[in-house]
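Chemist: Just so you know, the sequences run in chain order A and B.
Under the working numbering, the first residue of the first sequence is numbered 1, with each subsequent residue one higher.
Under the working numbering, the first residue of the second sequence is numbered 175, with each subsequent residue one higher.
Rather than coming from a laboratory, the hints here were simulated on the basis of the structure.
Hints are supplied without guarantee of correctness; some may be wrong.
In silico DSS-like cross-links for lysine-lysine, where the CA-CA straight-line distance does not exceed 27 Å [what the hints assert, rightly or not]: (1) Lys-14/A with Lys-367/B; (2) Lys-164/A with Lys-180/B; (3) Lys-367/B with Lys-123/A; (4) Lys-180/B with Lys-135/A; (5) Lys-197/B with Lys-16/A; (6) Lys-180/B with Lys-67/A; (7) Lys-164/A with Lys-135/A; (8) Lys-180/B with Lys-154/A; (9) Lys-433/B with Lys-50/A; (10) Lys-135/A with Lys-197/B; (11) Lys-197/B with Lys-57/A; (12) Lys-197/B with Lys-158/A.
No experiment lies behind these values; they were computed from the predicted model shown.
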Amino acid sequence: MESVPVPDASRENKLKRWVDAYADTLLRTCYLCLGDMHLAQDALQETFLKAWRGMDKFEQKNVQSEKAWLIRIAMNVCRDHLRSPWHRRVDRHFTPEDLPPSMLAAPQEDRDLLIDICRLPGKYKQVILLYHYHKMTVQETAAALHIPAATAYKRLRKGRVLLKNQLTGREQND
Amino acid sequence: MTDPFKEKADSALSSLHLSDWEKHRLFTNTMEEQNMKKKMPAVLIIAIALILALGGVTVAEKINLFTSFSNFDERLIEVSYSSVLNDLEPITVETPELGTSVVTITNAHFDGENLILGYSVENRTFAENFTPTEEEISTMRKVENDAVYGFMNASHAQDELSDAYHRAVRLGLSRGVRGVSISTEFLIFDEQKNELSAPLCYEFNNRDAENVTSHVRVHGPNYDPLPEKFRNADSITVEVPIYKTSFALWNDSTGQYVKWNHELLKTLTLTIPRSETVLPATDFHP
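Next comes chain A alone, as it looks inside the complex (with noise of 0.2 Å):
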């Protein structure tokens, strides 16, 4: 459950307010982008590092707007690292092996739901998160990434087959 964040009036603290209620969320999202712990703490800091430089431009509206806007320059991040020289050159196919030990002790099927996403190619697992994930709208997502809602929604079903029978509920009401 998320708590209405207090207004602040200084940077630093609103700063802070934003590790405190999305960094968990942040870098769950980075690391199901990048599948790699280090890489995925590289990109929350980078995130933190942009938000901090853009602080000043953005708008509060609401507070899920400001999730969102965090959670939009956490995907660029990994968009960015996904299209470097380096991602580009590392063969970089996701195994059950590439998963964390901490996370050996969720459920079979928990785990398995992850290495499909993580192992989905990044255009599909993008819409993905910000629909199925982090909850929101096609339209959203679809300005959270800079493409048509119309694209937006093709992704959304393509990646939907390509995960199978690991979505239910949602996708049955839409």
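Knowing the structure of chain A, use the given hints to seat chain B on it.
Modeler: Using the frame of chain A, we list chain B on its own:
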């Protein structure tokens, strides 16, 4: 309406969260990085004179060792970003026994009172069982006291060799081990390029992976102060020779015999500018 996707994903990711300390570090790193980037155009970062014997250097991913070792010394967090040597390439050395080894200096901090360096060594040591001939024993030095000698063991296999040798020494049994290890020194020079007697320092060590070690070396007033001439110096020059250290240890009923040889492979010279952050005193005493 439940969404099993998010439930399952969060279940699998439930161990992925930041502690309060890690969140604090994330916050302070963001502030430190932003402040560092603002000051960079006005600061002479690091002048590097690289003296290579042969060969080139390889590029490897760097870890910020000041961040990694902050559990040993919390002050390292304050300068973890300002001390990072982004432009310093790792040093590759070649030996017949090890093949390719890599020395990476990741961090350097100097503030007039403290000189702290972070470095790692990949493919650190080669070691094997050893039974010397009489002629070989004659070239080794006999240990005249009760000291039990060892080597820089950096893997599980080397731990076993080391433990077996130490047991043999304690029990007066015949056992030997020999090998090579990549080692470094940090030599301090003044503006006239005169080498100074290096103050005593202490070092935190970690084994990151099999045969990969990382270290943070600390010179500070809590142990042995830097020479007075560095109190107000704008920079400090540090020479880093990298050696292949060959070692041979043998114990039998007549005593313990040891032999070391240092072969200089490469030398790196760093000029580290004075940081605006002066680290507070620490209570740590090695």
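Chemist: Each hint should be assessed against the structure and marked as holding or not.
Modeler: Cross-check of the supplied hints:
no.: 1; hint: Lys-14/A with Lys-367/B; in the structure: 49 Å, violated
no.: 2; hint: Lys-164/A with Lys-180/B; in the structure: 15 Å, holds
no.: 3; hint: Lys-367/B with Lys-123/A; in the structure: 57 Å, violated
no.: 4; hint: Lys-180/B with Lys-135/A; in the structure: 9 Å, holds
no.: 5; hint: Lys-197/B with Lys-16/A; in the structure: 9 Å, holds
no.: 6; hint: Lys-180/B with Lys-67/A; in the structure: 17 Å, holds
no.: 7; hint: Lys-164/A with Lys-135/A; in the structure: 19 Å, holds
no.: 8; hint: Lys-180/B with Lys-154/A; in the structure: 21 Å, holds
no.: 9; hint: Lys-433/B with Lys-50/A; in the structure: 55 Å, violated
no.: 10; hint: Lys-135/A with Lys-197/B; in the structure: 25 Å, holds
no.: 11; hint: Lys-197/B with Lys-57/A; in the structure: 24 Å, holds
no.: 12; hint: Lys-197/B with Lys-158/A; in the structure: 36 Å, violated
Violated hints, listed in ascending order, are 1, 3, 9, 12; each of the other numbered hints is respected by the structure.
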